[in-house]
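A.B. asks: Sequence:
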Amino acid sequence: NMGTWAWDLTAKSVRWSDNIERIHGLPAGTFDGTFESYRREIHPEDRPRVLESLQRAVATGTPHDVEYRIVGPDGTVRWVEGKGRIERAPDGSPRRMTGVCMNVTRRKNADLARVQALERANRASQRLAAIVESSDDAIVSKDLNGIIMSVNSGAERMFGFSKAEAVGRSI
Numbered sequence: 001n002m003g004t005w006a007w008d009l010t011a012k013s014v015r016w017s018d019n020i021e022r023i024h025g026l027p028a029g030t031f032d033g034t035f036e037s038y039r040r041e042i043h044p045e046d047r048p049r050v051l052e053s054l055q056r057a058v059a060t061g062t063p064h065d066v067e068y069r070i071v072g073p074d075g076t077v078r079w080v081e082g083k084g085r086i087e088r089a090p091d092g093s094p095r096r097m098t099g100v101c102m103n104v105t106r107r108k109n110a111d112l113a114r115v116q117a118l119e120r121a122n123r124a125s126q127r128l129a130a131i132v133e134s135s136d137d138a139i140v141s142k143d144l145n146g147i148i149m150s151v152n153s154g155a156e157r158m159f160g161f162s163k164a165e166a167v168g169r170s171i
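In my numbering, the protein residues as written are 1 to 171.
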């Protein structure tokens, strides 16, 4: 799930290890070595961010480090993490950039699933809170020591205590 690459800035060519071709869903030996071919593999929505990271690395020498999506020839979308560093010529000009590319699709999909699960749980919690608050019935929650944690409007009306007066007191 990881491969190496080298981008020769003077010859304007890119060399990929076989693993990167596999990560991109390409048959071995089919990457043509041009930067434009690599650029086309980047998901259109992520392309500006990836190219900006590469340009910043070339211009300033900062490390290239970015997660982005790639689109294989069959349309399969994968997440990768690219890391690279500039190598300079004796005169200080950028000569080439070398780095690694890692397939992080599993981790990224797990992260996205976790975020979606949290969003669903949050929506369910908000829905439950709205139901409790709008109920005409008295609903009171307490902790294991019998201290009131919350009351709804129905409980305020029924018992004659405001939320501020009830919360924190013993049941």
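Source of the hints: derived by calculation from the structure; they are not laboratory data.
Every value quoted in this text rests on a predicted model; they were computed, and no experiment measured them.
Every residue gets a Cβ at the ideal spot worked out from N, C-alpha and C, and that includes glycine.
Do not rely on the hints blindly, as some may be mistaken.
[To be verified] In silico BS3-like pairs for lysine-lysine, Cα to Cα no more than 30 Å straight-line:
{"id": "1", "residue 1": "K108", "residue 2": "K163"}
{"id": "2", "residue 1": "K108", "residue 2": "K142"}
{"id": "3", "residue 1": "K108", "residue 2": "K83"}
[Unchecked claim] Pairwise CB distance ranges, derived in the manner of DEER restraints:
{"id": "4", "residue 1": "G29", "residue 2": "E119", "range": "42 to 48 Å"}
{"id": "5", "residue 1": "T76", "residue 2": "K12", "range": "24 to 30 Å"}
{"id": "6", "residue 1": "D74", "residue 2": "S150", "range": "48 to 54 Å"}
{"id": "7", "residue 1": "R40", "residue 2": "R123", "range": "37 to 43 Å"}
{"id": "8", "residue 1": "E165", "residue 2": "L144", "range": "20 to 26 Å"}
A.B. asks: For each hint, tell me whether it holds in the structure or not.
C.D. replies: Right, here's what the structure says about each hint:
A threshold of 30 Å between alpha carbons decides the hint, and for K108 with K163 the separation of about 43 Å lies outside it, so the pair is violated. A threshold of 30 Å between alpha carbons decides the hint, and for K108 with K142 the separation of about 39 Å lies outside it, so the pair is violated. Between K108 and K83 the alpha-carbon distance is near 16 Å, which keeps this suggested pair within the 30 Å criterion. Look at G29 against E119: about 43 Å separates their beta carbons, and that is inside 42 to 48 Å.
The hint said 24 to 30 Å for the Cβ distance between T76 and K12, and at roughly 28 Å that hint holds. Restraint check, D74 to S150: a C-beta distance of roughly 53 Å satisfies the suggested window 48 to 54 Å. A C-beta distance of roughly 38 Å is found between R40 and R123, which places it inside the suggested range of 37 to 43 Å. Distance hint check for E165 and L144: the Cβ-Cβ separation is about 22 Å, which falls inside the suggested range of 20 to 26 Å.
Comparing the model with each numbered hint stated earlier shows that hints 1 and 2 do not hold.
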